[in-house]
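Asks: Spelled out, the chains give:
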Amino acid sequence: MSIAFKNFSKVFGDIVVFNNFSTEFEEGKISVIMGPSGAGKTTLLNAVAGLIDYEGAIEIDGKECEKRCSAQISYMFQEPRLIPQKTVFQNLDFSLSTAFKNKVERREKIEKMLEYVGLSDSLKLYPHELSGGMAQRVALLRAFLYPSKILLMDEPFKGLDEDMKKTIVETFKSLWQDEKRTTLFITHDIYEANDIGDVIFSFPNKPISSVLDKKYTKTTLK
Amino acid sequence: MKTIFIKLKKNKRVKKYFWITTSIIFMVGLWWILAETFFSQTEVIPTPIEVMRQMGQSAGTRMLWINIWNTLWKVLVTFLVSFLLSFLLAVLAAWRDEARHFISPIVTVLRALPTIGVVFILFMVLRGQNIVAIVIASLMIFPVMYENFYAALKEVDQKLIQLSKVYNISFLKQIRVIYIPHLMPHAFASSIAGIGMGLKIVIAAEILSVTFSNTLGTAMVIANMDGGGMLFMWILVAVLLSFVLEGIVRLIAYFAMPWKRRKGGDSK
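As they're listed, the protein sequences go chains A and B. Position one of the first sequence corresponds to residue 1 (our numbering), numbered consecutively onward. Position one of the second sequence corresponds to residue 1 (our numbering), numbered consecutively onward.
These aren't lab readings, by the way, just hints derived from the structure by calculation. Note that the structure is predicted; figures quoted are calculated from it, not measured. Glycine is no exception: its CB is placed at the ideal position from the N, C-alpha and C atoms. Incorrect hints may appear among the rest.
Said to hold, decoys possible - For lysine-lysine, the following DSS-like pairs were computed, each having C-alpha atoms within a straight-line distance of at most 27 Å:
| no. | chain 1 | residue 1 | chain 2 | residue 2 |
| --- | --- | --- | --- | --- |
| 1 | B | Lys260 | B | Lys173 |
| 2 | A | Lys86 | A | Lys29 |
| 3 | A | Lys86 | B | Lys12 |
| 4 | A | Lys124 | B | Lys200 |
| 5 | A | Lys149 | B | Lys12 |
| 6 | B | Lys10 | A | Lys101 |
| 7 | A | Lys158 | A | Lys29 |
| 8 | B | Lys154 | A | Lys86 |
| 9 | B | Lys154 | A | Lys109 |
| 10 | A | Lys112 | A | Lys29 |
| 11 | B | Lys159 | A | Lys158 |
| 12 | A | Lys86 | B | Lys165 |
| 13 | B | Lys260 | B | Lys10 |
To be verified - Covered stretches of chain A, going by a simulated chain B footprint (3 or more residues, C-beta under 8 Å):
| no. | segment |
| --- | --- |
| 14 | 11-17 |
| 15 | 120-130 |
To be verified - Not close to chain B: a few residues of chain A, all C-beta gaps over 10 Å, as computed:
| no. | residue |
| --- | --- |
| 16 | Tyr54 |
| 17 | Lys63 |
| 18 | Glu79 |
| 19 | Arg81 |
| 20 | Gln85 |
| 21 | Ser97 |
| 22 | Lys103 |
| 23 | Lys109 |
| 24 | Val117 |
| 25 | Met134 |
| 26 | Lys166 |
| 27 | Ser174 |
| 28 | Glu179 |
| 29 | Ile190 |
| 30 | Asp195 |
| 31 | Phe203 |
Chain B extracted, bound-state conformation (with noise of 0.2 Å):
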């Protein structure tokens, strides 16, 4: 016991690992005091053991597949769009001030969108479930991109850009050495933050458009008017799934920047 204290105590990695733990095992046995407690008459919220069953049977099973992907790719479709949007537009506005003013309220009047009451009109006007989806996702993360692309662009040093100058170094090369490893840790970080809500407002469009298709969303509609406790194994996907997105850009963050693994490399 009291070596693991000690290792705590001096060992970064080990500390980090200990509290995300306690903080699993936390959440874990909350879940379980609910569904045990306040919860115990209803199935709401089963236990973690009823839902593990339920996901291992399920998992065995094609349509949680087949909702997984088809809920995935239009939250990849969406990510990829806002990504590239707001990056091209961060760029436009941080080059030329018109652009930046002409943006700009769009950019906020996109922020104040109420989620629910567009997808109402888009589902009208769009009519298919994957298009709503796709579109209101993308309004809904495009303006936080946007915000960390150009706040990065307008962070990067222009005492190396001056320094480039001396060497004559060119514009492309200044790109590839300075301007994007000075974007890395930003796009990677609004990568994680817009494929997280990405995922959320995919599966809100499609539990609000909902129509006959296999998706998370539509899967969560039909667990919830079929009661029982598979709307909970529904919401664990979805979790999971974002876990997963979320390790996948971490682990290429990782191997795109080298200077973080570093010692005290954390905030370059």
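Chain A extracted, bound-state conformation (with noise of 0.2 Å):
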């Protein structure tokens, strides 16, 4: 599914973030948007989840998103978001609820999905028992987990040490490649962009208009 916004407009008091912006970003590959701090690279995902309200149009498959994408979503956000009093079984169970009514159906998927990433001990854990890449990992599960076509991460890997990060990275790459999802990822870190991104955005100061200023291929960096 690609995702393409038109003349894509939000303002925040009076700060204008976005003014008549207008890009695609195309389906089956990840997507890297890097730039300064408080540009707007969240407001975008906010805006593709359904999270914010803004002027404009954002079409999936050019299809406009009414309030709404009705596009199934999933989003990793930069803190892990589990919910403490659950389990991690209770937290991914949660989120999948909706997309599979099946109990028996949502308990396989989730104990064959933390296998596949090692994490089978975990199972009754709650969040405080987790360490930080522990948890970011179930977040990442979580948003694999959800059956969409669409992948939002907001600089997931962010605050982890080296070794723990590339660990996620490489789970995050092998779930990936099983299922292409038109992701959008934000981070700071090049390195990180270079080595998940097949397209990356830079974003300009604000107001971010027209087309994104820069956009490079792997190669282009490398």
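Two chains, each in its own frame: build the complex with the hints.
Replies: What follows is the structure, encoded as structure tokens:
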């Protein structure tokens, strides 16, 4: 599923973040978005997820999203966002419940996925019993378990130590290879962008209008 | 001895119960010393042994249990009324600013109400001891519970609500999975505070609006008029009743919040 922004505008108070911004993110590719803090990268993802109001249009596969994009979307945030009072299983089951009505089917999927990434023992653990890296891996699994066509990732590996980051990036790559979803990936790390992204977009200073200033392919950066 | 100290240092559970036991021994010891020294000539504070003997005798009589029950049911009704009212109004206040602005001055006034003065007014208007005790205790507990619930509702992690929106989770499921577990620790803490306060205020109202009824408050008034150590026994009965009620709430909380039982889960 491709994602197109057409004359997209967003204002926060007096600050114009986007002004008639238009661009397209290709289907089945990982589009990395880079840019200075506060440039509006998260705003873009939140708009696709239907979490904020905006002016203009967002089109998924050429079809305009009304209030919310009807396409199923997974979102991996900067922080794991696990419900503190629920176990790893209950957290994953919570987000899956709307996609799969059958409880047994959900349990099978969750167990299979946890086994795949070597987290089977964490099934009954609560978020406070997980390390930062483990919690982020659970959040990653949640995003991949949900049968979405679009995957939004907002600096998902931020704050992790190098070894853990490497492990999670490898998990991400292998999960993504199994099912190539259209992915918008925000990062500040140029190496991570080059490693993960198919296309890299760089955000200019505000307000962002017209097409993004720079668009690199991986080869341009290498 | 050395082993006990090592256990105390290493095991948090042992440490906790050691200090609780020490505290109880300290209180009973202080009571005993006061009874044997400063108050030895009077019967105001009898020794623990004397009170235990009185309690042992009273436990076999129907009157003790009737007095406890007649106070207890009022505490439970008061608690239920305050819990439901404060919860519903806190939801309303958290949902609509208009409701919050409307409720806020009422809560401030209720918080400042002098208990004794209001009991006298209510007794003149309502006459019945039971209804006066329930109304006054509800009025006193409500602001504490309301503010607890309101603060808890405002603390619900909006990032989790955003997450629910992304995964199209219904509002009812959000209530069940996010809101209720979040509110539980606050509800149990409010319940413990509310029941303790409720018992104290109900007894105070029974004492102030004394009628010919069998309640803990009335029993205290009669014991006071009779002199002797019975008053102290009734006070101890009230304290023990409060302990039992608090224990029941804590037991329910223990089973209702499994995440709290895990290491490091206390703050969640």
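Asks: Which numbered hints are broken by the structure, listed smallest first?
Replies: Checked against the structure, the hints that fail are numbers 2, 4, 5, 6, 9, 14, 18, 19, 20, 21, while the rest are satisfied.
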